[in-house]
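Residue numbers (the working numbering), protein chains in the order written: chain D, 879 to 1056; chain Y, 4 to 251.
Just so you know, the hints here were simulated from the structure itself, not pulled from any lab data.
We treat Cβ as the ideally placed atom computed from N, Cα and C, and that holds for glycine.
All clues stand as given, with none of them false.
List of simulated lysine-lysine pairs, BS3-like, C-alpha gap at most 25 angstroms: (1) Y:Lys143 with Y:Lys188; (2) Y:Lys10 with Y:Lys48; (3) D:Lys926 with Y:Lys70; (4) Y:Lys10 with D:Lys1043; (5) Y:Lys48 with D:Lys1055; (6) D:Lys926 with D:Lys960; (7) Y:Lys48 with D:Lys1043; (8) Y:Lys70 with D:Lys929; (9) D:Lys1043 with Y:Lys56.
Derived, one-sided and incomplete: chain D residues facing chain Y with beta-carbon distance under 10 angstroms: (10) Phe899; (11) Asn904; (12) Val920; (13) Gln921; (14) Leu994; (15) Leu995; (16) Glu1014; (17) Glu1016; (18) Ser1019; (19) Tyr1020; (20) Gln1021; (21) Arg1042; (22) Leu1045; (23) Leu1049.
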Amino acid sequence: MEVAGERLTAATFEELAMPLFDQLYNFAQWLAQDRTEAEDLVQETYAKALKGFSSFQPGTNFRAWMYRILRNTFLTSRTGLKVSATVELDSDESPELSAGPETPETILIEHSQHQLLQAAVESLPVQFREVLLLCEVEEMSYQEIAETLSIPMGTVMSRLSRARKALRESLQRRLVKA
Amino acid sequence: MDHWTAKLETYLDGELSASEMRDLDAHLRGCPSCAADVLSRLQTKRAVHSAGKRYRPNSEFRERIRKSIAARPERSPMRLWLGASAAVALLLIATFIAMSARQQQLQRQQTLSEIADLHVATLASANPVDVISTDRHTVKPWFQGKIPFTFSLPELQDSGFTLVGGRVMYLGQAPGAELIYQVRKHQISVFIFQGRSVGRELGKSLQSQKELSFNIENWSQDGLRYFVIGDASSDDIRNLADLLRKAQ
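Bound-form chain D, shown alone (with noise of 0.2 angstroms):
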C-alpha cells in the first residue's frame, strides 16, 4: 500500500486507515491479550495516526507505518512494558529440535487443533509473536516487517526463524501434554 505524492487530507487518511481496521484490531489484541486494552491501543493508534499524518512520508509504506504506531504504543503501555522487560531477544541460540517422523505439524494436521494452535501462539513472548503474525497472518514482506519493527531485514529473518522455532517446541510440548 503506497501513497503516491497526493495531498494528505483527513479524507486521505480516513481512506487509507479504515480498510486496515479489522487487521489492526486483531494484531492489537494478540499482542494486548485483553479486548479493553485493544480497544485502547487502536484508538490511540488511529489518534496519532491522524494527528501526525501530516508528517507520513507519501509514497512510503502506509500500512507498516500504522503497524509501527500501533506496536509502539503497545511497547509504551503499562502491558507492553512489563513483557518486553521479560525477554531477552536475539542472544541465544537453542539446539535444534530433532525432527521425526512424527513432527509437531504432522500430528496438529491430525487433531486439527486450532485452539491449540492459537494457545500456541499466545504463549510466544511477544517479540516473536509479534514477528509471526505479520509475517504468516499479515503476510508482510520481510521488509515490510523490517519497516514495521524498525529493525534491520537480517533480524527479520533469524528473529522469524526463531520464532517458527520456538512454536514448533510449544506445540510439541503441548502435543505431549494432550
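Dock chain Y against the given chain D, drawing on the hints supplied.
Just chain Y, lined up with the frame of chain D:
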C-alpha cells in the same frame, strides 16, 4: 540443518530470488526429506494464518473510530451559524449604507432648497443688501466682526460681473456672508459659510445642480463652503464660481 533446509522458510515466505527459487524447486523434486519438511512447514504456515485471524472488533467500536478520524464536514453547525451571522451583518451594513446614502441625499436636497429659498428671499426683499458697494475693498471689511471667518473677493474688471453689495444671513443657525452680483440684469447670490456648520453632506469638489430652475455651483475650499446661485446661465454661474475660487 543443511544448505537447503536453511532456505526452506525463506522459500515458503516467497523471499528467495528467482534463481534460488528455481534451484530449490529442482532440489525438492529429488529430495523426499526436504519435500516432506516443506509440506509440514507449509501446513503450519497456513494453520497459523487462519488461526491468527482470531479477533474481530465490534461494529460500535469501529464506528466510533471512524467518526473520530472522519474528515470534518465542509459546513459544521458553527460554520453555518457564522455564515448566517455574516450574511445578516452584511445585510445590516448594506441597509445602513443605503439609509445613510438616502439620508445624505435628503440633506443635500434640503441644503440646496434652503440656499434657493435664501436667494429668492433676497430677490424679493426691498432691502436686498446691508452694505451697498461695488467695491470689494469696502464690502469685505464690512463683514469683519459680523461673521466668524474671512474670505477674499475677486477682481471683476472685464468679467461682466458687478458687485452689488452684501449682507449677513443664517442657515441652520450658522452665520454666513451673502454677496450679490449682477451680470446682464441677472442677480446672482454667493453664499459663504463655515464648512463645518453647513454643507458637510456635500462633496468637496465643484458641483453643479439645478434647484427651482436656478443654477447652483457649490464647493468647499479652505474650510469654507461656497454656493453660487442665480437665474443666469450655467456658464455665467460657473464663471463667477471660478473667479471666486481663484481669489481665495
